[in-house]
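Add chain A to chain E, keeping to what the hints say.
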Amino acid sequence: MTVALSGDEIGGRLEEQFPGSVVETGLNSVLVRSESLVKIATFLKTASGLEFDYLSAITSVDYNDYFEVLYQLTSIKHNHSLVVKTRCHGRENPTLPSVVSLWRGADFQEREIYDLMGIRFDGHPNLKHIFLWEGFPGHPLRKDYE
Amino acid sequence: MAIRTEPFVINVGPQHPSTHGVFRMRVTLDGEVIVDMEPVLGYLHRGIEKLAEGRTYTQNIPFTDRLDYLASMTNNLAYAMAVEKLAGIAVPERAEYLRVIMSELQRIASHLVGVGSFLNDCGAFMTPFLYMFREREKILDLFEMVCGQRLTYNYIRIGGVSYDIPEEFLPALDKFVREMPGFIDEYDQLLAENEILLARAKGVGILPKELAINTSASGPVLRASGVKWDIRKADPYSVYDRFEFDIPTGSTGDCYDRYRLRIQEMRQSVRIIKQAAEQLPQGEVLTRVPLRLRPPAGEAYGHIEGPKGELGFYLVSDNSVTPYRFHVRAPTLINLTALRDMMIGWKVADAVIIFGSIDICLGEVDR
Numbered sequence: 007m008t009v010a011l012s013g014d015e016i017g018g019r020l021e022e023q024f025p026g027s028v029v030e031t032g033l034n035s036v037l038v039r040s041e042s043l044v045k046i047a048t049f050l051k052t053a054s055g056l057e058f059d060y061l062s063a064i065t066s067v068d069y070n071d072y073f074e075v076l077y078q079l080t081s082i083k084h085n086h087s088l089v090v091k092t093r094c095h096g097r098e099n100p101t102l103p104s105v106v107s108l109w110r111g112a113d114f115q116e117r118e119i120y121d122l123m124g125i126r127f128d129g130h131p132n133l134k135h136i137f138l139w140e141g142f143p144g145h146p147l148r149k150d151y152e
Numbered sequence: 029m030a031i032r033t034e035p036f037v038i039n040v041g042p043q044h045p046s047t048h049g050v051f052r053m054r055v056t057l058d059g060e061v062i063v064d065m066e067p068v069l070g071y072l073h074r075g076i077e078k079l080a081e082g083r084t085y086t087q088n089i090p091f092t093d094r095l096d097y098l099a100s101m102t103n104n105l106a107y108a109m110a111v112e113k114l115a116g117i118a119v120p121e122r123a124e125y126l127r128v129i130m131s132e133l134q135r136i137a138s139h140l141v142g143v144g145s146f147l148n149d150c151g152a153f154m155t156p157f158l159y160m161f162r163e164r165e166k167i168l169d170l171f172e173m174v175c176g177q178r179l180t181y182n183y184i185r186i187g188g189v190s191y192d193i194p195e196e197f198l199p200a201l202d203k204f205v206r207e208m209p210g211f212i213d214e215y216d217q218l219l220a221e222n223e224i225l226l227a228r229a230k231g232v233g234i235l236p237k238e239l240a241i242n243t244s245a246s247g248p249v250l251r252a253s254g255v256k257w258d259i260r261k262a263d264p265y266s267v268y269d270r271f272e273f274d275i276p277t278g279s280t281g282d283c284y285d286r287y288r289l290r291i292q293e294m295r296q297s298v299r300i301i302k303q304a305a306e307q308l309p310q311g312e313v314l315t316r317v318p319l320r321l322r323p324p325a326g327e328a329y330g331h332i333e334g335p336k337g338e339l340g341f342y343l344v345s346d347n348s349v350t351p352y353r354f355h356v357r358a359p360t361l362i363n364l365t366a367l368r369d370m371m372i373g374w375k376v377a378d379a380v381i382i383f384g385s386i387d388i389c390l391g392e393v394d395r
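Each protein sequence line maps, in turn, to chains E and A.
Position one of the first sequence corresponds to residue 7 (the numbering used here), numbered consecutively onward.
Position one of the second sequence corresponds to residue 29 (the numbering used here), numbered consecutively onward.
By construction, these hints were calculated from the structure, which means they are not laboratory data.
The structure presented is a predicted model; accordingly, all values stated were derived computationally and were not measured.
We treat Cβ as the ideally placed atom computed from N, Cα and C, and that holds for glycine.
Just to be clear, a hint being listed does not mean it is correct.
[Stated by the list, open to error] Straight-line alpha carbon distances no greater than 16 angstroms define the calculated EDC-like cross-link-like pairs of lysine to aspartate or glutamate that follow:
hint : chain 1 : residue 1 : chain 2 : residue 2
1    : A       : Lys237    : E       : Glu140
2    : E       : Lys149    : A       : Asp346
3    : A       : Lys256    : A       : Glu238
4    : E       : Lys149    : A       : Glu81
5    : A       : Lys78     : E       : Asp150
6    : E       : Lys83     : A       : Asp263
7    : A       : Lys256    : E       : Asp59
8    : E       : Lys51     : A       : Glu238
9    : E       : Lys134    : A       : Glu66
10   : A       : Lys78     : E       : Asp59
11   : E       : Lys83     : A       : Glu238
[As the list claims (entries may be wrong)] Examples of chain E residues lying across from chain A (beta carbon under 7 angstroms, computed):
hint : residue
12   : Met7
13   : Ala63
14   : Val67
15   : Ile82
16   : Arg110
17   : Phe114
[What the hints assert, rightly or not] Distance ranges between label pairs, derived from CB positions:
hint : chain 1 : residue 1 : chain 2 : residue 2 : range
18   : E       : Glu98     : A       : Val68     : 24 to 32 angstroms
19   : A       : Ala377    : E       : Pro131    : 26 to 34 angstroms
20   : A       : Arg206    : E       : His84     : 38 to 46 angstroms
21   : E       : Leu33     : A       : Lys256    : 26 to 34 angstroms
Bound-form chain E, shown alone:
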């Protein structure tokens, strides 16, 4: 059985390592500041006992006031999982750091989010539309898309 790690426990460890990076913790999730995302992701991927080597999925949600992006992390080595969340504000040019350098599985998924939700990923090697054509107006998965 994949063990869903406790958000409080991991959040505490992260806060100790990178003070001020954790915004809140959930049952099996941690919400982190977007500026600290890459640092935290690197730590989660490499720290012994955690070793999240597998990024199952990335999802984005438009909550009107902000966008939330979720990373479903899994460790194949230890068979445990954790959800890392981060938020970005502003509807004009919301931007988050890319995690492609850590998990290449993020490549198409970040492009998908960029295409359909309109969030830019800094550091993505090939950030362009994936499903819609170049020049498609707007981002269909946003709640205010007409």
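Here is chain A on its own, set in the frame of chain E:
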């Protein structure tokens, strides 16, 4: 005198029989050798994730049929499990067993198409494909018995399955389970040591273990690279923990391993079906759920081991009758991430084989 060559770009697809739908690769060649490849997606994008936000939870089940239309049962299951997790709905035990039986039949059917079309791509035009379809037909007959449909089943519902099985189902299933291992032996006789298949697929399009994990590959593609990771064992759902089965893995991660693995998985699926049919309990098959279901506000991620990899549904509810967000973790889209790495350095004739060995379904890739 050295001959000066220039890189040459060709489009494979979107209208090409080897692209399994409308997939397009922009392949850059130096002579015959692939030096670059870029997948171009979106020809079948129907905006299912957006459409789903305007329909009730129950109305969305037929959309899931139309994702990977070669594995509709498992799509239904993954979605139903995510909604059940979101709304805290219990499923009757008999329904759980039926779900396992249908999922494993679906896995065999999907692998038959995957292997058959892969062999088509290898140049064994249509003969193995029709051998595979002979058995797939029997599975479709079984599905037709339980739900009247042969492709888009809409059978696994929120809270169970839509109908109990008819009287003639179990005898027909028993016949299938008894005969299928013999047919798989027949495939092996025809193909396992086939010289042409070995020459074309062995050592071709290798996906190393570390790269497979790093690119989030899942399902047969991941396991063929030697990673023993199957959600049915790693994070058992439904009643999978009650059955005995093995997780086959490959050793090198080449096209042949991916083909072999699917054949071996079919044998394991037959084992699971046999046990599930023997243990099938009596009782209800569907928990009554309101048609206009309003799950409490929250979020849930349900994932299963689909025939093609980890199929996940991420749902957000705002306590209304429609999902606030509906996201599909599509295994075949993510399995394509490593395609470029697998192709570079191989000949243009290998491109269709390497691509075919991943076994994708564009309905799911583009959504």
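Worksheet entry | 16 angstroms limit on alpha-carbon distance, applied to hinted pair Lys78 of chain A and Asp150 of chain E | holds, 12 angstroms
Discussion item. Hint Ala63 of chain E vs chain A: min CB-CB distance below 7 angstroms?
Written reply: holds, 4 angstroms
Fill in: Supplied distance hint 24 to 32 angstroms, evaluated on CB atoms of Glu98 of chain E and Val68 of chain A
holds, 29 angstroms
Worksheet item: Under the criterion that the straight-line Cα-Cα distance not exceed 16 angstroms, is the pair Lys83 of chain E, Asp263 of chain A satisfied?
Response: holds, 13 angstroms
Worksheet item: Is it true that the CA of Lys237 of chain A sits at most 16 angstroms from the CA of Glu140 of chain E?
Response: Violated. Lys237 of chain A to Glu140 of chain E sits at ~34 angstroms, over the 16 angstroms cutoff.
Fill in: Phe114 of chain E as chain A interface residue, shortest Cβ-Cβ below 7 angstroms
Cβ of Phe114 of chain E sits 6 angstroms from chain A, so the hint holds.
Fill in: Satisfaction of the Ile82 of chain E interface hint, Cβ to chain A closer than 7 angstroms
holds, 5 angstroms
Practice prompt. Sort out whether Asp346 of chain A lies within 16 angstroms of Lys149 of chain E, counting only the CA atoms.
Written response: holds, 13 angstroms
Worksheet item: Does the structure keep Lys256 of chain A and Asp59 of chain E at a Cα separation of 16 angstroms or less?
Response: Judged against 16 angstroms, a Cα distance of about 14 angstroms means the pair holds.
Discussion item. Interface hint check: Val67 of chain E, Cβ to nearest Cβ on chain A, cutoff 7 angstroms. Holds or violated?
Written reply: Status holds, d = 5 angstroms.
Discussion item. Holds or violated: Lys149 of chain E and Glu81 of chain A, Cα atoms, limit 16 angstroms.
Written reply: Distance ~10 angstroms between Lys149 of chain E and Glu81 of chain A Cα, so the pair holds.
Discussion item. Run the distance test for Lys134 of chain E versus Glu66 of chain A: straight-line Cα separation, threshold 16 angstroms.
Written reply: It holds: about 12 angstroms lies between the C-alpha atoms, which stays within 16 angstroms.
Of the hints listed earlier, those the structure fails to meet are numbers 1 and 10, in rising order.
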